[in-house]
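Listed in order, the protein sequences are those of chains A and B. Residues 1 to 693 (the numbering used here) make up the first sequence, in order. Residues 1001 to 1226 (the numbering used here) make up the second sequence, in order.
These are computed hints drawn from the structure, not numbers from a lab. Even for Gly, the Cβ is constructed at its ideal location relative to N, Cα and C. Worth double-checking, as some hints may not be accurate.
Okay, the calculated bits of chain A under chain B, using three or more residues with CB under 8 Å as the criterion [as the list claims (entries may be wrong)]:
#1 80-86
#2 276-284
#3 625-631
Computed list of lysine-lysine pairs in BS3-like fashion (alpha-carbon distance at most 25 Å, straight line) [what the hints assert, rightly or not]:
#4 A:Lys-562 - A:Lys-475
#5 B:Lys-1218 - A:Lys-277
#6 B:Lys-1170 - A:Lys-277
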Amino acid sequence: MIPTRETFGNIPHSSVVLFYCLTVVVMAVFAYGLWRRFQLWRQGVPIPVSKLIAGTCQQIWSEWQPRLRRLRSEALGQARVRGRGLASCAHIILFAGFMMLFLGTTLLEIDHLASGLSRHLKFHQGTYYVVYEFTLDVFGLLFLAGCLFFLGRRIRRPASVGHRSTDWYVLISFLTIGVTGYLVEGLRMVWQQPTGIAAAASPIGLLIAHQLSGLTEAGARSAHLALWWTHALLVFGFIASVPYTRLLHTLAGPLNLFLVRPALGTMTPVTMEEVEKTERIGVSAVNHFTQQQLVSLDACMECGRCEEACPAFATAKPLSPKRVVQDLKRLMGLTLVPGSARIEPGSTVAPPTPLPQLHGETIAADTLWSCTACSACVRICPVRVDPLTLITDLRRNRVGESELSGTAVTALRRMQSSGNPWGLPAAERANWAEGLEVPLAKEHPEFEVLYWVGCAGSYDRRAQRVARAFVKLLKKANVNFAILGREEKCTGESARRLGDEFLFQELAQANIATLGRYRFKTIVTHCPHCLNSLLKDYPQFGGHYEVVHHTQFLDQLLIQRKLVVISGSNSAEIITYHDPCYLARVNGIHQAPRDVLNLASGGSASAVDLREMPRRRERTSCCGAGGGRMWMEEDPKQRVCTVRAREALDTGARTVAVSCPFCLTMMTDGVATQNDSAQVKDIAEILAEKMQL
Amino acid sequence: MDLEGVKFAVNPFDAIALEEALRIKEKLGEVEVVVATIGTEETVEQLRVGLAMGADRALLIRCADTLDSLAIAKVLAAVYQRERPGLVLMGKQAIDDDSNQAGQMLAALLNIGQATFVSKLELLENQQRARCQRETDGGLETVTVNLPAIITSDLRLNEPRYVSLPGIMKAKKKPLEEIGLAALGVAVAARTRYLKFECPPPRKAGVRVKTVDELLLKLKQEAKVV
């Protein structure tokens, strides 16, 4: 006998008819819910979907390929779900179980419809049946194990994990769907009495059937029918509730992964024409976000990883990236007026209850200005929600509406009038280089390497020493380089991240014009913020350059033996290295600085004892100065740098190596507040010292 | 003086004065705020900033010469007669020449009240009078002055709002009127003349001391301040 089972076996015809009637109702409820969400997403600024369908085959494919790859590895492959211990494992097995059961049910229905057309089309039998039943039995267990873990976690409820009362419904219904599924299988086996491989294919069902073997066939059949209905109703409930509960993430998550344009370290430019046309800049209402951003709000599961990674949240500032996303999501939900979801601009029909304001009521100003733009939340989100871009879009509006005040404004004014946030004269920009005979691009236009000094290196007393150390190294290695001197202006990086897009563009255009006058091969800079801006912001305005960080450049000079460290007799120096966000996380540069530190020991590992901090490389933690926070006052009790300095000192390091002028300032402050005598030094300074320059 | 790469900005004290006017307007509603400056095309940008901050219209009194305080006060007196404002707010001084006279002279020329170095301003009795807190060397002084009056702002009166480029672009639609000195009927003759400019002597390098005791010793014996 071929192993198989009858679909709708033991289910009376009337029940089957009712089942399909209910299916239609459930699908309608599901579709309505999804349509409502779609209306919410649709109100955003349209995303260029035409690129997905228009153009040459090659163009279309180049649009689809990365998106499909993300769906494969990050939705199906759960690549970004990893990294959170047991919770990640539980999600992966729950997902695997769910997907298998979903696939199984779909295949079963296809088989049912096909065999309805012709008996010969039935495929749910034989080897296929055995593999099918066994696979579903096993994956059902994975599904249940995942549900149990999350139920337990919801009872413990870790602080960062969001909670709604419907979450209980979702998890308990999942659990009971799984359990009733097994019971239905067991009861079927009680009366059907399969033998051999047909029985062995369903080990869990068989186990249950053994437990229930006392039942009569009639008893088993009626219990089977009752439980089959229970199972079916629970599944109906689950399907109908997807758009209305947290389960929405199963659709919005992959949709966001498909639509999103991953852009760590980049921002979308705005043109003056757009501002003139729309008469606004940035976001002051939910429908100013892009449609993809609105989808991303629904993709958020409130898992809280962003919150755990957020330096502002860790220092008790009024910012949690998760809260921002959820608050915006709630506001988006309120824009839904039944029947006419889309609120047309200039519509005279007012919604029944006035919507809360986005700025002030939904998102507080302090929340926006607390962000250090460190991008930790962006990197860690499993479904690629980008809280940072939400925040910078909101900031743009606030700056445009003159709602920024305090020391950050002073910095912006200084960038505007003097071309640097210190507000010092351009004429003094190269004063740091006095006595070092640093060639100016204007006077020596035949150079290969442009050293982009940046404002900190030019004007900050402490960072000037970094620039001096780096120049000494460049000279020692006979590098043909030059600096721009007074021709160089602030890159505008922090202006852009503070939300002053047009001040940034003004500075960027001036710098691009200056750079365009010279012919060189590479730009080298010791500032990761300048690096990121030159590398990722400037191409948007026609400035395409090869840009390297000074640690990468020094690494190359050491490898090429253009710089040689003669091993000193110093006893091992205990060093820890703090990765700057915009170097390690945003631009993936974290090995070169370590290599330089190791090579600085002259090859003898004993001269440098590098002790790593728990949060390092891409997972590094912010010093607190990014996103324009460098220019803001910080409550001494809430300083990000104090937390990070503690982490650095806990390694036992006597030298904290940094490779960013902002980190240098912050870590120096942080170490000082711990009353610790540890030194904070840039990697160039450490190398120059080792080379006795 | 090396002016390459230097962009001119609104005198900070004037920005504070304008901010105060805007706050009064925001509080009272029916108020028109007019910004005025004396200069050429180059100063139009400064007026646009004022309009972007929230002023309703701007006046550019065309004059290419650098005027001294009295000349400025005379021009402004003529503007006052033309506009008849309920209140004149000015910066206490310009940060380039630091003269600190135009406001006082203007009040004298118009023979109306004045309150200078104001760090807190409150309008009283249906805008008939103003209570002003002044920052003096001796402490805070509170005066009331009948309006209209000339009020000059000190640093701590408020923090002016920041305007970005889109705001300035939007403000292009607001009226900006140009008036010649002749139309105002003012003839200006300079009564002061710059003789020469000198750089302050460069600072000598500091001395690094090793201990607090050494510092005290040096303060006592070398600097003789302790």
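Quick rundown of the hints versus the structure:
1. Coverage of the segment 80-86 of chain A by chain B is violated. Counting CB-CB distances below 8 Å, 0 residues qualify, and the rule asks for three or more.
2. Against chain B, the segment 276-284 of chain A contributes 3 residues with a C-beta closer than 8 Å to a partner C-beta. That satisfies the three-residue criterion, and the hint holds.
3. Requiring three or more residues with a Cβ within less than 8 Å of a Cβ of chain B, the coverage given for the segment 625-631 of chain A is violated, as only 0 such residues are present.
4. Restraint check: the Cα-Cα separation between Lys-562 of chain A and Lys-475 of chain A comes to about 10 Å, which is no more than 25 Å; the hinted pair holds.
5. Note on Lys-1218 of chain B and Lys-277 of chain A: the hinted pairing is violated, with a Cα-Cα distance of about 67 Å set against a maximum of 25 Å.
6. This hinted pair checks out: Lys-1170 of chain B and Lys-277 of chain A have alpha carbons roughly 11 Å apart, not beyond 25 Å.
Comparing the model with each earlier hint shows violations of hints 1, 3, 5; every other hint is respected.
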